[in-house]
Amino acid sequence: NWRSMSFDVAADSQATEEAPEAGASAPLSTFALELLDTNPFSGYVLGDCLVSDEFSAVFKAQDENMDRTVALKAVLPAPERADAVETFFSQAGSVALVKHPRLARGLDAGRGGKAFFMAHEFGKGESLGAKLARRQTGRLTEKESLAFITELAQTLQDLFESGQNHGDLRPERILFVEGGQLKLVGLGFAWTVSWPDDASAYAVTPDYLPPERIAHELNPDLRGHLHSLGALWWGARLAEPVFYGNPPQHR
Numbered sequence: 195n196w197r198s199m200s201f202d203v204a205a206d207s208q209a210t211e212e213a214p215e216a217g218a219s220a221p222l223s224t225f226a227l228e229l230l231d232t233n234p235f236s237g238y239v240l241g242d243c244l245v246s247d248e249f250s251a252v253f254k255a256q257d258e259n260m261d262r263t264v265a266l267k268a269v270l271p272a273p274e275r276a277d278a279v280e281t282f283f284s285q286a287g288s289v290a291l292v293k294h295p296r297l298a299r300g301l302d303a304g305r306g307g308k309a310f311f312m313a314h315e316f317g318k319g320e321s322l323g324a325k326l327a328r329r330q331t332g333r334l335t336e337k338e339s340l341a342f343i344t345e346l347a348q349t350l351q352d353l354f355e356s357g358q359n360h361g362d363l364r365p366e367r368i369l370f371v372e373g374g375q376l377k378l379v380g381l382g383f384a385w386t387v388s389w390p391d392d393a394s395a396y397a398v399t400p401d402y403l404p405p406e407r408i409a410h411e412l413n414p415d416l417r418g419h420l421h422s423l424g425a426l427w428w429g430a431r432l433a434e435p436v437f438y439g440n441p442p443q444h445r
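Residue numbering for the sequence shown follows my numbering, starting at 195 and increasing by one per position.
Rather than coming from a laboratory, the hints here were simulated on the basis of the structure. The beta carbon of each residue, even a glycine, is placed where N, CA and C say it ideally should be. Some hints could be false.
The calculated label-pair distances, taken between Cβ atoms and stated as ranges, are [stated by the list, open to error]: (1) Leu291 x Glu434: 18 to 24 Å; (2) Thr232 x Asp261: 19 to 25 Å; (3) Gly332 x Gly357: 34 to 40 Å; (4) Ser236 x Glu434: 41 to 47 Å; (5) Glu248 x His294: 28 to 34 Å; (6) Thr263 x Val436: 33 to 39 Å; (7) Glu258 x Ser339: 39 to 45 Å.
Here are the computed lysine to any residue pairs in the SDA-like style, where the Cα-Cα straight-line distance is at most 20 Å [unchecked claim]: (8) Lys308 x Thr263; (9) Lys318 x Pro234; (10) Lys308 x Leu240.
With the hints as extra help, turn the sequences into a complete structure.
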């Protein structure tokens, strides 16, 4: 548990997490419903589920010990990963040390039942995905896209220089908060899970996944960031993915 670690979260800091997409809410996954029913995470009260699939879920939650609202992300490890616990807490500890005005801070991490969790700062913001979804064209203007991609590229460069990699860049991980400032969330959750067909895959989004990750080279680096950055810019300007394919890991 991280509670013995030191944090530097200002009381008036702008906390952020993925905003729900516009339109009707998607049905909750079995995994999310099970967590809501059992709440295995001591010290946290789970609220609304913001997004979920069969292997991960993000909740708005209340940290009872610190009396604050957080975004609590839960994920199932792949059963074949013997190093799952060590890998998770190694990543979680690294995330806790990252301090950047355009990155949501990691606050806590632990394990509840068969799931791991990580708590991040939470706040209001519109994701890039939501912004594109509410536009008839589904696109950013040229001026908007240039401003967005420049700010995101600088954030990723700063992250890389600090020895960290995001590993799961996608529209729902990019928020626009008060004043239009970009905020990147979801740091520390790009690690292996299992797909329904039992093929090894990742807790990430294939549309923006660099080829070396699909080829099972597990460690993301700056080259992967560049690929994902280009895919995000392409999608934001043309309203379509760079590649099409089915199943998703073949894109």
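Hints, verified against the model:
no.	hint	in the structure
1	Leu291 x Glu434: 18 to 24 Å	violated (37 Å)
2	Thr232 x Asp261: 19 to 25 Å	holds (23 Å)
3	Gly332 x Gly357: 34 to 40 Å	holds (36 Å)
4	Ser236 x Glu434: 41 to 47 Å	holds (44 Å)
5	Glu248 x His294: 28 to 34 Å	holds (32 Å)
6	Thr263 x Val436: 33 to 39 Å	holds (36 Å)
7	Glu258 x Ser339: 39 to 45 Å	holds (42 Å)
8	Lys308 x Thr263	violated (23 Å)
9	Lys318 x Pro234	violated (26 Å)
10	Lys308 x Leu240	holds (17 Å)
Of the hints listed earlier, those the structure fails to meet are numbers 1, 8, 9, in rising order.
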